[in-house]
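Peer 1: If you want the building blocks of each chain, they are given just below.
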Amino acid sequence: MSDKRKKPEEMTEDEARQEWEEGQEVDLGPAPAKHMSIFSLRIDRETLEGLITLGTKAGAGPTVVAREILREGVKERIGQSFEAEAYDAMSRATRVMHTILSGRLTMTSLNEMNLACNITMPTTTWQKTESQREGVK
Amino acid sequence: MRKFHLVDIEWDENSLREIANHGLEFWEVEEAAIYDSERTAREVADEEHGERIQIIGTCEQNGKRLRVFVRPVDKDLGIGRVITAWRIER
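If you read the sequences in order, they're chains D and B.
Residue 89 in this note's numbering sits at position 89 of the first sequence; the count goes up by one each step and never skips.
Count along the second sequence from 1, then add 1000; that gives the number in this note's numbering.
Restricting the straight-line Cα-Cα distance to at most 27 Å, the calculated cross-link-like pairs of lysine-lysine (DSS-like) are:
#1 B:1075 to D:34
#2 B:1064 to B:1003
#3 D:34 to B:1003
#4 D:6 to B:1075
#5 D:7 to B:1003
#6 D:34 to B:1064
#7 D:7 to B:1075
#8 D:75 to D:34
#9 B:1064 to D:7
#10 B:1003 to B:1075
#11 D:75 to D:57
#12 D:6 to B:1064
#13 D:6 to B:1003
None of these hints come from the bench; they were simulated from the model.
Okay, chain B solo, but in the shape it has when bound (with noise of 0.2 Å):
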């Protein structure tokens, strides 16, 4: 199984709208894909895109379950950038 120690989300606008546009806020996606201890996550790669990790994880404060995409931006330091993410049911 591959390893990613995701333990920070760096935002920037674009990610920043990109998750607004589906009603989230950035601290309700970095609950549920860092904190989360019971998140999993599947990674797919193709030539186009390279690689991207899907996190299904949990917000504590309210409950959401999300879907988030993360692109690893550093690997040993365990930071990846938000490409989008939206709400899923249970």
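Bound-form chain D, shown alone (with noise of 0.2 Å):
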């Protein structure tokens, strides 16, 4: 192969197993532990400058600041808080199902289920649903 390279993303499979043949081993060593990624990005001066303020005052470096903001602020939008709630309604919706296929409809179980739902059931609602029940028995 020439010393006139494609760049790695304009080859073709071909190309680069043919770019591999003509390659030199490398030995990557052991495979290391899982740990962390590396994301590196831009940032204005002033937000850079703020990072060093919060660190010193901390006591820590600007790049443990920015983890600790950039972590919370992922997590308060994707991350915990989507997945607990995700969580909570799923284990709700599963209790409300169980109580309405077992037919055990009981004022407890009713308040449980407006509590799952986040809704108020007014009392009407209850006493018809109760004197259905009766009803059916």
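Join the two chains into one complex using the hints; note that each chain is given alone, in its own frame.
Peer 2: Rendered as structure tokens:
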């Protein structure tokens, strides 16, 4: 292969395979234990100065502060809160379905259903449901 | 044999976009290029593009076998930047 090589982004799989054949073997060493990823991003000077100031106050480096702020921000937006919310909703839905399927409609279970659905069921509805249940019996 | 103990990949928007064009997620590339104990690598260099390493490895979680092109950023710390990566047949 000549010294003029294509950029990898422009290579076909065949060209990449040919480059592989001609390449020098590299020892990558043992696989490390799994840990964090590095993501580089460009930030304005004012933000960086703010991170340095916060870091100085906290006795930590600006990257430590940035990591913490990012982690909290991401969790707040898509991380734990969403997962926790989804998990709670699923648990509540399961309990409600279980109650309905088992036919054990009691005041307690209906209250839980109200809570689960986050709705306020008027007493008349409960009374109606109770009377229907009695009717079924 | 040359040695390059790759322990970290430095991601940026370009590299994330490039692998996304091939339908890959960053963690799949990391699993194949860094954490697969069976991964193998070859190095090529030319005047125009400098040095780059091709790594063939497998993502443990989903079994995807990948060809990953990495440019060494810091050889002492074992940091590389992904140029591109795509899925290959076994």
